[in-house]
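There are 4 protein chains.
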Amino acid sequence: MSGFQVRTDLALEARESITEAESELRGVRVEEYYQEQEDIRVTKVMIDTKNAARAMGKPVGTYVTIEAPAMLEPDEDYHREISESLSRELAEMMEQDEEELSVLVVGLGNREVTADALGPQVVDNLFITRHIVKAYGSAAYNKKRMNLISSIEPGVMAKTGMETAEIIKGVVTQTKPDLLIVIDALAARSTKRLNRTIQITNTGIQPGSGVGNHRNALTQESLGVPVIAIGVPTVVDAATIVGDALERIMEAEQGFDRVKYMGQHRTAFAELNNMYMTGKDIDAVVKRVSYTVSEGINMALECQS
Amino acid sequence: MSGFQVRTDLALEARESITEAESELRGVRVEEYYQEQEDIRVTKVMIDTKNAARAMGKPVGTYVTIEAPAMLEPDEDYHREISESLSRELAEMMEQDEEELSVLVVGLGNREVTADALGPQVVDNLFITRHIVKAYGSAAYNKKRMNLISSIEPGVMAKTGMETAEIIKGVVTQTKPDLLIVIDALAARSTKRLNRTIQITNTGIQPGSGVGNHRNALTQESLGVPVIAIGVPTVVDAATIVGDALERIMEAEQGFDRVKYMGQHRTAFAELNNMYMTGKDIDAVVKRVSYTVSEGINMALECQS
Amino acid sequence: MSGFQVRTDLALEARESITEAESELRGVRVEEYYQEQEDIRVTKVMIDTKNAARAMGKPVGTYVTIEAPAMLEPDEDYHREISESLSRELAEMMEQDEEELSVLVVGLGNREVTADALGPQVVDNLFITRHIVKAYGSAAYNKKRMNLISSIEPGVMAKTGMETAEIIKGVVTQTKPDLLIVIDALAARSTKRLNRTIQITNTGIQPGSGVGNHRNALTQESLGVPVIAIGVPTVVDAATIVGDALERIMEAEQGFDRVKYMGQHRTAFAELNNMYMTGKDIDAVVKRVSYTVSEGINMALECQS
Amino acid sequence: MSGFQVRTDLALEARESITEAESELRGVRVEEYYQEQEDIRVTKVMIDTKNAARAMGKPVGTYVTIEAPAMLEPDEDYHREISESLSRELAEMMEQDEEELSVLVVGLGNREVTADALGPQVVDNLFITRHIVKAYGSAAYNKKRMNLISSIEPGVMAKTGMETAEIIKGVVTQTKPDLLIVIDALAARSTKRLNRTIQITNTGIQPGSGVGNHRNALTQESLGVPVIAIGVPTVVDAATIVGDALERIMEAEQGFDRVKYMGQHRTAFAELNNMYMTGKDIDAVVKRVSYTVSEGINMALECQS
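Just so you know, the sequences run in chain order A, B, C and D.
For the first sequence, position 273 (counting from the first letter as 1) is numbered 407 according to the working numbering, and the numbering increases by one without interruption.
For the second sequence, position 171 (counting from the first letter as 1) is numbered 305 according to the working numbering, and the numbering increases by one without interruption.
For the third sequence, position 160 (counting from the first letter as 1) is numbered 294 according to the working numbering, and the numbering increases by one without interruption.
For the fourth sequence, position 216 (counting from the first letter as 1) is numbered 350 according to the working numbering, and the numbering increases by one without interruption.
Derived from the structure by calculation, the hints contain no laboratory data.
Mixed in with the good hints, there may be bad ones.
Copies of the same chain look alike in the list, so a pair counts if it works inside one copy or between any two.
Claimed, not checked - Cut-off 27 angstroms, straight-line C-alpha distance, at most; resulting in silico cross-link-like pairs (DSSO-like, lysine-lysine):
#, residue 1, residue 2
1, Lys-268, Lys-414
2, Lys-184, Lys-277
3, Lys-303, Lys-268
4, Lys-326, Lys-421
5, Lys-278, Lys-394
6, Lys-310, Lys-278
7, Lys-178, Lys-326
8, Lys-421, Lys-184
9, Lys-310, Lys-277
10, Lys-394, Lys-303
11, Lys-326, Lys-414
12, Lys-303, Lys-278
13, Lys-277, Lys-303
14, Lys-278, Lys-268
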């Protein structure tokens, strides 16, 4: 592929774009497995080198994608099978040993903008333990060992006047968690991934991505603790989808060149700026998906004894 | 015009599509004026004949469109100048004489789906008087004459199990208003009309239109009282916008035929079904626009003495 | 008891007040049973005569009270055992035979006033079937027989300008249900009953009761179909509770006369007007209780084959 | 005064309780003025000595109380005259010189519990400038000088697992504001002060007060920057109000001793624990009052040139 910008937060989609042109990219490994009964596909993209990171437009690290078409649909148990899959992948990425962990979960985004409300809604349903364990010990839960779970919804800069990274940095410095888990709504390239895909990555959060573009770096480098980011795509950028539709339509044509077309017809695309595409039931879907994600995190952070 | 379906609730857009092919359509009159200082354009499309109605895909009647680009933006007074324009056009369409009117305002749509919440949010801010005037007379407001304003938010069929028309018919039969004003969110063809256009029509509500597709006929014919419908486009159908972008891009090409293309590339469009396109700030915009519309209705229904 | 007004919507409490003075009241029968494991007490007060109705301040009919202290507490299954108890008592009161029933459930109250939001929140979670059964038959649910469930949230008079009874009468006339189930938040006399008691009665709704005082008669007499009312006390009237506390404190005193005291100290009670007493977690409690009630109604209305 | 605990967050009420017993308390000065036209009474209680602080149960400092009965009522301008009064008193307490100030406004409380939602609702409507001034300078507002306003809603401990003071301390350390303004809902002793009184104090926030009891110390001593607290009483503790009513009723009795009574009738008071008393329209009132308070803060923090 070419100089046309791939607007996607999903490493999976970034890789799909690339492989059309370069069928074998060094420094990128991919593993995949499929749970047939639950119709859940898990793909791990590992970007190992800086060269590969540049080609993918994503930092070096591991990106796990859980594709579960059922997540979109209502379910009495909020798709416990998907929560379990998330829990398993998250636990593996956390590499927890026998010590108690102190984990701060950060719900990025804006509660008042439906497409951007995933983070705040996920932290609403977490099982928070830090204050109890600090006051009464893990005995309060009849356990030998309890992780100390805390959470924060930092809000968006237009409302706080502070960068999210400033707030998180302050809270991390003060409360000293061992690990951050950051939740955010993502933008996908294809409507086929909307609200049915979960991405988990150990690279943290990079500036300028996400639905709300409210993100500055939340990474191990900037905060001094490991940062795992969990995201679900809730929107597709409108200009991207029109470009994609156009390309599919034109690909039968001889010698069609998307980039040249986009340039020639720049004004025709102008009205799509700041527009996004989503389903009519997004309010209900985001609410349900947030339960599935909360529960997956709750399971991963629960101690067994 | 071609066989490709024009998905728009706006008579203004329906006419634009038509005039490309048939520059003079009998039975359709158009009047227009522009308030320069406020940047408000008012267009009246009058469909006079059944032939014209068929060509336009809209029933015989009057369609007033207020285009006010500022409506999208925040404003301390919720754009009082636009409310005044709405009030003026609505009052003219009501043709109120010196009698007190009993008016039932119906807020269609679904409060829990942002793009479809305009109707419920508008009725939240109306000045309701019927119960007071019935109990204490217009003297309660220090007026000689007061219109009797009532409102209802019937909800959507998936939640009530009843057609909106059944509920409204029952309430109309019981409370006998002189006039219905029905509010609904609309679908536009162009993103340029989103949230900055108000359509007022004396044709009532037709089946199968609107954002939620929850509408069956609410017309003078079905209810026995005049029905004025007020709508604001809050979404654009995704397939339409892709088709439009494609057409603009291709129109330089010799002999491009949209309908043929759509047919050939049907699967490429399939993923756009049930998707809509809207702005990221739609939650805030719908809230603000609903104040502008409520206030316009409040002004139109206020008695001067 | 005396001329001091008993401000309670619960027949159970009305009877308790009475029996202190008149230990055997003709025309009132009481049955009671207790489920020890679930800690659920069910009391049926049957008011059989007009004399008894006058003494109790409640119309002739059957009043079932389910007292379940656990209802107040969070529970993963929203207290399914209480839903089952409600379902059983409701089914018995409905006396459904083998015919399909068309049932309209009415959620009284005001969604925006926490203590009065029970009705609207209960109808949010009902299993609505009428529109599906009318369009596709009970086959759509793989059943031989399906009840036709519809629901409406009429809103409060200050917002609609119409009496609730006008709206319901209109909808009943138009859609002809066989039975109404009306949900409302109640006022109790004792804080010990708040949010842990469900009252079910076949007398419908009487004017001037309930939290919002938005009620006019919704009865078989006024609507032409049987009306079952389900209520949960969410508030206690402040003047009542002060009077009660006072009485308990003073009862050791010789010759204390509550009514005389109330009269002598009228101004001291004046500031309690329009005040109510409730728990700090009422927002969360009403939300949870509404799930328990919805689920009980869903169970009672489900057909077994 | 006696050993019975005065449950009030208002210094004004604490002083009223005291003066019944000790008519002249050394170390407490009181100033008062009344704006007749607006019906606004401003009282300043200055606690100057540790002895006085002990007697009052409040720390040394200045407590300004604005009593404005109209605040309870709806008003198109959200009672701009009260906002102006708040702005004046707040500006005086801030003692701002000609320098730009960096101010962090903290909205304490729980958005999901109506009586405790004042803080979060106030910060929703603040004019936030810090991020703009930091990026573009005060020129972005066409001013020579702009204060840098930021805000945070820390949430409650049950949801975050962190003490509010930990979060605020972290954010203060990171963003280094010159001043904190902390907003919280208060408990009053008398229903006559509910939702119509604003208290402003330079003592910050003391542990264990407020509606939600979610407070630990937020003071200049603990945070290293001046802390001004603004509070509005939204509830009255139920046990207090019953005790007060009882006292008024009994005071005609010879030799009535409240403390002795309370002790003798402890169980009669037990059911009032964790109950509070408030008005039925509290949801709407808190929303309106939050606008009045926000606007007062916005005015006080606005630079004139």
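Outcome of the hint check:
Proximity of Lys-268 to Lys-414 under the C-alpha cut-off of 27 angstroms is restricted to the inter-copy arrangement: shortest distance 25 angstroms between copies versus 44 angstroms within a copy. Within a single copy, Lys-184 and Lys-277 get their C-alpha atoms no closer than 44 angstroms, and across copies no closer than 46 angstroms, so neither meets the 27 angstroms cut-off. Taking the shortest alpha-carbon separations for Lys-303 and Lys-268, both the intra-copy value of 21 angstroms and the inter-copy value of 18 angstroms come in at or below 27 angstroms. For the identical chains of this complex, Lys-326 and Lys-421 are intra-copy neighbours only, at 19 angstroms inside a copy versus 30 angstroms across copies, given an alpha-carbon limit of 27 angstroms.
Taking CA atoms no more than 27 angstroms apart as the test, Lys-278 paired with Lys-394 passes in neither setting, with 64 angstroms inside one copy and 47 angstroms between copies. In the homo-oligomer, the alpha carbons of Lys-310 and Lys-278 lie at most 27 angstroms apart inside one protomer (22 angstroms), although the nearest pairing across protomers, at 40 angstroms, exceeds that limit. With identical chains, the CA atoms of Lys-178 and Lys-326 are at most 27 angstroms apart within one copy only, with a shortest distance of 19 angstroms there and 41 angstroms across copies. Within a single copy, Lys-421 and Lys-184 get their C-alpha atoms no closer than 37 angstroms, and across copies no closer than 46 angstroms, so neither meets the 27 angstroms cut-off.
Within a single copy, Lys-310 and Lys-277 get their C-alpha atoms as close as 23 angstroms, which meets the 27 angstroms cut-off; across copies the closest is 40 angstroms, which misses it. In this homomeric assembly, Lys-394 and Lys-303 never come within 27 angstroms of each other (Cα to Cα): the closest approach is 44 angstroms inside a single copy and 54 angstroms across copies. For a Cα distance limit of 27 angstroms, the shortest separation of Lys-326 from Lys-414 qualifies both inside one copy, at 15 angstroms, and across copies, at 20 angstroms. In the homo-oligomer, the alpha carbons of Lys-303 and Lys-278 never lie at most 27 angstroms apart, since the shortest distance is 31 angstroms inside one protomer and 31 angstroms across protomers.
Taking the shortest alpha-carbon separations for Lys-277 and Lys-303, neither the intra-copy value of 31 angstroms nor the inter-copy value of 31 angstroms comes in at or below 27 angstroms. When the C-alpha separation of Lys-278 and Lys-268 is checked against a cutoff of 27 angstroms, the pair qualifies only within one copy, where the shortest distance is 14 angstroms, while the shortest distance between copies is 48 angstroms.
Checked against the numbered hints above, the structure breaks hints 2, 5, 8, 10, 12 and 13 and satisfies the rest.
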